[in-house]
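Chemist: One-letter residues, chain by chain:
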Amino acid sequence: MAPPLRGSFVPRARVMDADDVRRAVWRMAHEIIEAEKGLDGVVLIGLQTGGVPLANQLAEALKKIEGTEVPVGTLDVAFYRDDIGLRPVVPEAPSHVPWDLTDKTVVLVDDVLYTGRTVRAALNALADHGRARAVRLAVMVDRGHRELPIRPDVVGKNLPTGSAEVVDVGPDGVTIGDLVPPTGAGGARHGHQP
Amino acid sequence: MTAHLLCVDDLGPDGVEAVLKLTDSMVEVGRRDIPKVPALRGRTVVSLFYEDSTRTRLSFETAAKRLSADTMSFSVSTSAVKKGESLRDTVLTIEAMGIDALVVRHASSGVPWQLAAWLAGSGVSVVNAGDGWHEHPTQALLDAYTIRNEHKAGSLEGLRVGIVGDVKHSRVARSNVFCFAMLGASVTLVAPPTLLPASLDGWPCDVAHDLDEVVGELDVCYLLRLQQERMTEALVPSLREYAFSYGLDLARAQRLPAGALVMHPGPINRGVEIAPEVADLPCAVITRQVANGVAVRMAVLFHLLTAPADGEVRLDG
Numbered sequence: 001m002a003p004p005l006r007g008s009f010v011p012r013a014r015v016m017d018a019d020d021v022r023r024a025v026w027r028m029a030h031e032i033i034e035a036e037k038g039l040d041g042v043v044l045i046g047l048q049t050g051g052v053p054l055a056n057q058l059a060e061a062l063k064k065i066e067g068t069e070v071p072v073g074t075l076d077v078a079f080y081r082d083d084i085g086l087r088p089v090v091p092e093a094p095s096h097v098p099w100d101l102t103d104k105t106v107v108l109v110d111d112v113l114y115t116g117r118t119v120r121a122a123l124n125a126l127a128d129h130g131r132a133r134a135v136r137l138a139v140m141v142d143r144g145h146r147e148l149p150i151r152p153d154v155v156g157k158n159l160p161t162g163s164a165e166v167v168d169v170g171p172d173g174v175t176i177g178d179l180v181p182p183t184g185a186g187g188a189r190h191g192h193q194p
Numbered sequence: 001m002t003a004h005l006l007c008v009d010d011l012g013p014d015g016v017e018a019v020l021k022l023t024d025s026m027v028e029v030g031r032r033d034i035p036k037v038p039a040l041r042g043r044t045v046v047s048l049f050y051e052d053s054t055r056t057r058l059s060f061e062t063a064a065k066r067l068s069a070d071t072m073s074f075s076v077s078t079s080a081v082k083k084g085e086s087l088r089d090t091v092l093t094i095e096a097m098g099i100d101a102l103v104v105r106h107a108s109s110g111v112p113w114q115l116a117a118w119l120a121g122s123g124v125s126v127v128n129a130g131d132g133w134h135e136h137p138t139q140a141l142l143d144a145y146t147i148r149n150e151h152k153a154g155s156l157e158g159l160r161v162g163i164v165g166d167v168k169h170s171r172v173a174r175s176n177v178f179c180f181a182m183l184g185a186s187v188t189l190v191a192p193p194t195l196l197p198a199s200l201d202g203w204p205c206d207v208a209h210d211l212d213e214v215v216g217e218l219d220v221c222y223l224l225r226l227q228q229e230r231m232t233e234a235l236v237p238s239l240r241e242y243a244f245s246y247g248l249d250l251a252r253a254q255r256l257p258a259g260a261l262v263m264h265p266g267p268i269n270r271g272v273e274i275a276p277e278v279a280d281l282p283c284a285v286i287t288r289q290v291a292n293g294v295a296v297r298m299a300v301l302f303h304l305l306t307a308p309a310d311g312e313v314r315l316d317g
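So the sequence lines, in the order shown, correspond to chains D and W. Heads up: the first sequence begins at 1 in my numbering, then just goes up one per residue. Heads up: the second sequence begins at 1 in my numbering, then just goes up one per residue.
To be clear, the hints were calculated from the coordinates, so they are not data collected in a lab. Just to be clear, a hint being listed does not mean it is correct.
What the hints assert, rightly or not - Quick list of the computed label-pair ranges, beta carbon to beta carbon: (1) W:ALA251 to D:THR68: 54 to 62 Å; (2) D:LEU148 to W:ARG230: 38 to 46 Å; (3) W:THR78 to D:VAL90: 34 to 42 Å; (4) W:THR78 to D:ASP153: 26 to 34 Å; (5) W:MET97 to D:THR102: 37 to 45 Å; (6) W:PRO35 to D:VAL90: 14 to 22 Å; (7) W:GLY259 to D:PRO171: 55 to 63 Å; (8) D:ASP19 to W:ARG32: 48 to 56 Å; (9) D:ASP178 to W:VAL207: 52 to 60 Å; (10) W:LEU58 to D:ASP19: 53 to 61 Å; (11) W:SER86 to D:ARG151: 55 to 63 Å; (12) W:THR78 to D:GLU36: 39 to 47 Å.
Don't be surprised by glycine CBs; every beta carbon is placed ideally from N, CA and C.
Could you build the full structure based on these sequences and the hints that come with them?
Modeler: Okay, here's the thing in structure tokens:
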């Protein structure tokens, strides 16, 4: 998920175009099927907000490959974050996990993996929805700088970044850029911070 | 700056919008098998009620617990107030225990402002849970949320809301008029002159004295409780006559436009402001109001208690 930011995102370089993203999604879908030996009991859960479109794209690809409809849920981890009170933490949208996850294999999906704190919060949030058989992590971009012992299982692209940089994953591809402090009112669109 | 919720105006239109949006997430939490999140772990919320209350007090305490805050509860009848402790000493005593929010209800208007002044610099947020005849902001927020979710319009913009009955003694009426008008509804107070405040200067609403004249045009018919405990003189000839002129009976309820909602802040005097059979109609969303009350109060507590202490936005969490 992408917490709200102050400042505006100024793009510098396009690192994946729409076709690159499409191919990466296709490969990630194959990797999930291979690792799970099929899609029995597999549930995709996209993290609000950036992980949600990616989870839907993965579900589409899984359906084309295996012919199986994989349920897609969404999770907003705001209430589980460890930086409540340090910065404004506001949920983007209500979570939608209408099933008991006990004995399911949950694939958490996010756009960018950075410090790992969002994923830590997501793991705690998931525990309130049942005891999953296993939880996997799929991300489009792993940009490094982990602060917690968390690693992804399925990655679209490993992208070394500076911690001052911002990675934007959108429908037209993946862009790396900088966050410029606000000159007046108004915030950024979806950039990515811890 | 410590954030307080003393009146609806404190939030402003953006704040109201933010709380209502946050409420959607809180409703989702409430629907889970385990309706509890760790968001306010380690915070302490104290309810300080100098006046009787069932729903508001339980609703705030449930809200705090669902956010994992610790709760303490103070009731006048079992406290040192009985030994003559003043309000100021009571509040400073509670504050000294290390708390984060004080939810206060008091029979005197303005008490929450006084507490906020006494607690300045302590970091304690004051939430007004009803002060005298003045304001009851969380009731207005839960009513606005209920209208937004139960009315087919999906928003208060352009809706015609009638607030019927004992406006004079009603903090709910005052908070609702300002909140609903802020969200774009057009509000009409419907009451006999004896049950209206002495002055309505600055109230963004119209006034009518005949319910039958307006009932056919109301998208929301909001009935107020006749507050007999606050009446020091005979403001209505009799309960029967009040019910006859201003009670929502079945005949009047059937004249409401299709999709209209019937609301009441509770507790209901069945047979006075609302006929028993009307309170049980599907368009009467009175129990939805109570259910939404918990979610709205979760949103308010979260909104107030999670603002960064220094007002600075940190990007590198």
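Chemist: Starting from the hint 54 to 62 Å, judge whether the C-beta atoms of ALA251 of chain W and THR68 of chain D obey it.
Modeler: holds, 57 Å
Chemist: Given a hinted range of 39 to 47 Å, is it respected by the beta-carbon distance of THR78 of chain W and GLU36 of chain D?
Modeler: Violated, since THR78 of chain W and GLU36 of chain D (Cβ atoms, about 58 Å apart) do not stay within the stated range.
Chemist: Quick check on a hinted range of 53 to 61 Å for LEU58 of chain W and ASP19 of chain D, using CB atoms only.
Modeler: holds, 57 Å
Chemist: For the range 34 to 42 Å, tell me whether the beta carbons of THR78 of chain W and VAL90 of chain D fit it or not.
Modeler: holds, 39 Å
Chemist: Okay, LEU148 of chain D versus ARG230 of chain W on CB: inside 38 to 46 Å?
Modeler: violated, 56 Å
Chemist: Do SER86 of chain W and ARG151 of chain D keep their Cβ atoms within the hinted range of 55 to 63 Å?
Modeler: holds, 59 Å
Chemist: Hint says 55 to 63 Å; check whether the CB-CB distance for GLY259 of chain W and PRO171 of chain D agrees.
Modeler: Hint violated: Cβ distance 38 Å, outside 55 to 63 Å.
Chemist: Is 48 to 56 Å a correct range for the gap between the Cβ atoms of ASP19 of chain D and ARG32 of chain W?
Modeler: violated, 40 Å
Chemist: Given the hint of 14 to 22 Å, is the C-beta distance from PRO35 of chain W to VAL90 of chain D inside that range or not?
Modeler: holds, 20 Å
Chemist: Honestly, do THR78 of chain W and ASP153 of chain D meet the 26 to 34 Å range at C-beta?
Modeler: At roughly 56 Å between Cβ atoms, ASP153 of chain D and THR78 of chain W fall outside 26 to 34 Å, so the hint is violated.
Chemist: Go ahead and decide if the range 37 to 45 Å is satisfied by the Cβ distance of MET97 of chain W to THR102 of chain D.
Modeler: Check passed, 41 Å falls within 37 to 45 Å.
Chemist: ASP178 of chain D and VAL207 of chain W, beta-carbon distance inside 52 to 60 Å?
Modeler: Holds, at about 57 Å.
The structure fails to meet hints 2, 4, 7, 8, 12 from the earlier list, while all remaining hints are met.
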